[in-house]
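Enquirer: Using the sequences and the accompanying hints, generate a full structural model.
Here the protein sequences line up with chains D and R, keeping their order.
Under our numbering, the first residue of the first sequence carries the number 136, and numbering increases by one thereafter.
Under our numbering, the first residue of the second sequence carries the number 136, and numbering increases by one thereafter.
Source of the hints: derived by calculation from the structure; they are not laboratory data.
Hints may be right or wrong, so weigh each one.
No copy is singled out in the list; a pair is fine if it fits within one copy or between any two copies.
Stated by the list, open to error - Quick list of in silico lysine-lysine cross-link-like pairs, BS3-like style, CA-CA up to 30 Å: (1) LYS349 <-> LYS258; (2) LYS165 <-> LYS233; (3) LYS233 <-> LYS661; (4) LYS216 <-> LYS563; (5) LYS661 <-> LYS623; (6) LYS441 <-> LYS623; (7) LYS290 <-> LYS388; (8) LYS233 <-> LYS633; (9) LYS237 <-> LYS290; (10) LYS476 <-> LYS529; (11) LYS290 <-> LYS228; (12) LYS737 <-> LYS617; (13) LYS604 <-> LYS237.
2 protein chains.
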Amino acid sequence: MYRSHTCGELRLNNVSQTVTLSGWVQTVRKFGAITFVDLRDRYGITQLLFGEELNEQLDTNPLGREFVLQATGVVSERSNKNPNIPTGEIEIKITEFKILNKSAVPPFTIQDDTDGGEDLRMKYRYLDLRRNAVKKNIELRYAVNRATRDYLHDKGFMDIETPFLIKSTPEGARDFVVPSRMNPGQFYALPQSPQTFKQLLMVSGYDRYYQIVKCFRDEDLRADRQPEFTQIDCEMSFVEQEDIINMFEGLVKHVFKSVKNYDYNEPVLRMTYDDALWNYGNDKPDIRFGMELCNLKKPQHVLGHKQDFSSLINGANFVVFDNAETVIAIAVPGAAEYTRKQVDELTEWVKRPQIGMQGLVNIRCNADGTFKSSVDKFYNPEQLKAIAEAANAKAGDLILIVAGKEELTRKAASTLRLEMGERLNLRKADEFKMLWVIDFPLFEFALEDQDGGGAGRWVARHHPFTSPKPDHISVMINNSPKVEDLDKYLEHPYAGIKANAYDLVLNGNEIGGGSIRIFQRELQEKMFAALGMDAHEQQEKFGFLLGAFEYGAPPHGGLAFGFDRLCAIIGGSESIRDFIAFPKNNSGRDVMLDAPAEIALKQYNELHIKSAL
Amino acid sequence: MYRSHTCGELRLNNVSQTVTLSGWVQTVRKFGAITFVDLRDRYGITQLLFGEELNEQLDTNPLGREFVLQATGVVSERSNKNPNIPTGEIEIKITEFKILNKSAVPPFTIQDDTDGGEDLRMKYRYLDLRRNAVKKNIELRYAVNRATRDYLHDKGFMDIETPFLIKSTPEGARDFVVPSRMNPGQFYALPQSPQTFKQLLMVSGYDRYYQIVKCFRDEDLRADRQPEFTQIDCEMSFVEQEDIINMFEGLVKHVFKSVKNYDYNEPVLRMTYDDALWNYGNDKPDIRFGMELCNLKKPQHVLGHKQDFSSLINGANFVVFDNAETVIAIAVPGAAEYTRKQVDELTEWVKRPQIGMQGLVNIRCNADGTFKSSVDKFYNPEQLKAIAEAANAKAGDLILIVAGKEELTRKAASTLRLEMGERLNLRKADEFKMLWVIDFPLFEFALEDQDGGGAGRWVARHHPFTSPKPDHISVMINNSPKVEDLDKYLEHPYAGIKANAYDLVLNGNEIGGGSIRIFQRELQEKMFAALGMDAHEQQEKFGFLLGAFEYGAPPHGGLAFGFDRLCAIIGGSESIRDFIAFPKNNSGRDVMLDAPAEIALKQYNELHIKSAL
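Expert: Structure representation (structure tokens):
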């Protein structure tokens, strides 16, 4: 028996009880003849008081930071109470103690504001995990895990484990592979997701499946990617898009309530992919704030309606707008007062290579109703007023306008909008706004080779198992995927096919995505063929799935959440690494383990492989 | 909306409601002008009645086995009720229906008693999973999963995910490895267990950790092994063996209650490793029945006491017993009536190469108190009676005696005991008996090379992180591990060191095992050194753990359950494969996927490896 209580549970009503605590020494403070020790464990911190009679013992066995200590004593009321911690009204008058383990001086301080840099903390991740700032992330992750399981269990979902040693079918992302010792020359692959298995489970009649499961992608790591990551993976049978949307926005609401005690009562907006692109410039809009984009060149989609503002800017001999494929305005609320220096800085900001604009046009909507712009030469106040109205700008706003090639400009406008939202503090970490983005295109056209499948071909925007919208199935069936003129791929019927797919977006991050699946063998074959897979390759890679579709596959669909990211956003952070107990760095290395590492020649031999270095 | 209800939920009180069901056609029976269809989904089976008016439609769209059908109709009371199924009092009078998907004729019948062989069922695992016999196993597995999580959550354990791409540190079992593309010439390993990570989490202060997690071992597969398997992995800080034993026998009792509604109220027996070997011949005794072994040659341990029966058999000039290192008797209850033919068959059974005995001595304890044996020439009735008393045989029992070399004979006696228990139906699948086996030796001595570490050396019986019993730490610290005379390794002080380790045994199967861990750097180094690891190798393989032990590691310990086996035993089966959704065969192949498989040359190149074939 190492302890009678934890360091987080003693209160005034325990006063005069004899207790034993075990934990880590957070601080040691000596005041004359007495010594105060803050003892820490997972559950809290309790103050220990070592009286004069223990001084000799303390001199022989001095306590240091992070020592593991077992101490017995009597709970007493503190004279100097600490209202900041739950145990702050009591302390333990120690009668005996034992050092269970010593500690070297940690390489950084075990505190919220640590002096350790990222690299040092990753090397000593077991110490970093002691810091309260990290611990509460790991605790939040478990709370999200638990709330997810509770919700899905109540809804009749079953956690069914799918295999990790599967078959390599590289589609899009690269597989991690595992050489087989028992099957010379052959390799397993680690799953990029349990996609085909969960579909097989639907064919098997399991009806509602889920897993919180590790997935693997051997990609070049961008800032916030991990080679192994966790998905909440779900699938349901006999459902339409509406059923799935209701089920899983319910899940996220339940998680908010359960983990953050946050009531998400408002309805979750749904927005088509097209509207998202037109109004926010990307397919995962942050709708915590407005500042929608206003397209001054092309007929603007506004929630399904079209408005043409091109007459407002055309014919003014402003060549920048006249020559641009796209001109997009954003009304930044209350920014009319920006100094010239501030506006110049923004102009430089959009001219950086990452954004790539040639410049930034601005129109100040002054509080007195007048306008002052960088294009006063070309547009009179009436025209500026009309543009301001189109951009939904009010007196006091600053309108920013970017112009150039379509896609680049849209991205620039999107990035600028998010940046202004950030600067104006409109993107609050403790506010949550979800929306569904729906009606994605089924295909994208790869003008350049992306994954070794060749250039000039259709690729699945979601994945090859996503069903077209019911109305669009015939378009797919009745047209050849062949694109004769690469420049006119947008005119090919396939470019207009919409998918029965949906993304759940939270605060500008895609936290989940899914689709209604193809469940007919013929349509699945047509899809594979459209992606450039011949019958032989289809059979070799996905023969089991095509086979399964012959024996009574039900209509089904599902969704997967990026669990790491979901936790990070609920925790108010942008970094998934902070929410993973043992993350890898940007080179895919675990610097604590020093992995990956070389293996023995014997291992190479057993696996029938040689180094090619 | 594909359905208003499932196929398992309609009852008499739904009569006259209009409902829509979706599911699979289990059977089609035509009686004159009407057609009965049993429609099946995960939740049950409901009878559909197609009246005469639908005949034409059924002729145009004939229904076959495993077709996916959506049908709407009115719930009606059945005249011919089926008391065997919960929906047996009603049927649905169908008004309209739609075939959602057709099915080819399945390659085997989707029934409990299927006509499909193992290979065929594995190839079409998605159909095999439809069979009720398999489905209830998968459901049981989820129920055990859920009950485990509920219990551990209530006890304050946190599910914390540990990484899958780690470092290869082959100890005992072989690692699966994963070549790293980004780190040329280096490999990750898949974890054989999260052992070191859970210990690090204890160093980090997480106090109570668990995971239901996949583990990987590249071993030659025996009958019931899988290259990937699942563990319930747990660890606790500030605990002694007693705390762990109480926590986890509580877990299994909770699972019994929750999953099987089985009250396991009796205390769980604890038995030392030595007693288990002496009385049952192995370290995972099945204690659902008696028939303990009686050692007639060596002083017999009986729950800690010693009894010497050697005088009962010595001095009778029976050379078989006189020359044998070990002579073990088992009293088979009520088997005195066995015919000569039955006894001959048993004799042949122990002489098979798998058992390897030279013969089988028998003593019939007749109902009238007389004895008849195969050694009447050597032992008179008085002597036979004394042996019978020693073996705890009663009138009507048959005593079976094996003799030979120590280890072989003990194993033979153990196997014979289990066989007789099986034959006498004493090993009931619905009876559950747990026991803890404790006080394992810390080391075993490898006379032959087992894993490339060399012959004639100590190996960890459990694993290198297991702590010796507190009293035995000094024996380890104060003695060199070196064994001068290999023949006398048993006399080396290390042979007597007991581990702070424990196995949980259920119905003769080890379902879990664990230990109190070493948490002091010096002792851990001593342990690694005892296993033949020099300082350099220690640092390279386990530097992170030794480092962690310098910064205040708490006393800790834990346990891991073999989740697949636990489920199988609770499900009354010996085969773990029946409880895994997508298992692999004995060559480590997934025959449904046809994995492992060859990979593309491009993949080899990217991974900096070549085939050695």
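Enquirer: Hints first: check each against the structure and report whether it holds.
Expert: For each hint, the structure was consulted:
1. In this assembly of identical chains, LYS349 and LYS258 lie within 30 Å of each other by CA distance both inside one copy and across copies; the values are 23 Å within and 25 Å between.
2. Taking identical chains as interchangeable, the C-alpha atoms of LYS165 and LYS233 lie at most 30 Å apart only when both belong to the same chain, with a minimum of 19 Å there against 82 Å between chains.
3. Taking the shortest alpha-carbon separations for LYS233 and LYS661, only the inter-copy value of 24 Å comes in at or below 30 Å, while the best intra-copy value is 72 Å.
4. When the C-alpha separation of LYS216 and LYS563 is checked against a cutoff of 30 Å, the pair qualifies neither within a copy, at 34 Å, nor between copies, at 62 Å.
5. Taking the closest pair of Cα atoms, LYS661 and LYS623 come within 30 Å of each other only inside a single copy of the chain (22 Å); across copies the shortest separation is 72 Å, beyond that limit.
6. Taking CA atoms no more than 30 Å apart as the test, LYS441 paired with LYS623 passes inside one copy only; the shortest distance there is 24 Å, against 92 Å between copies.
7. When the C-alpha separation of LYS290 and LYS388 is checked against a cutoff of 30 Å, the pair qualifies both within a copy, at 14 Å, and between copies, at 26 Å.
8. Taking CA atoms no more than 30 Å apart as the test, LYS233 paired with LYS633 passes between copies only; the shortest distance there is 25 Å, against 69 Å inside one copy.
9. In this assembly of identical chains, the alpha carbons of LYS237 and LYS290 lie at most 30 Å apart only when taken from different copies (28 Å versus 49 Å within one copy).
10. When the C-alpha separation of LYS476 and LYS529 is checked against a cutoff of 30 Å, the pair qualifies only within one copy, where the shortest distance is 22 Å, while the shortest distance between copies is 104 Å.
11. In this assembly of identical chains, LYS290 and LYS228 lie within 30 Å of each other by CA distance solely across copies; the values are 29 Å between and 51 Å within a copy.
12. For the homomeric pair LYS737 and LYS617, the shortest alpha-carbon distance between copies (27 Å) is at most 30 Å, but the shortest distance inside one copy (50 Å) is not.
13. Proximity of LYS604 and LYS237 under a CA criterion of 30 Å is satisfied inter-copy only: 21 Å between copies versus 65 Å inside one chain copy.
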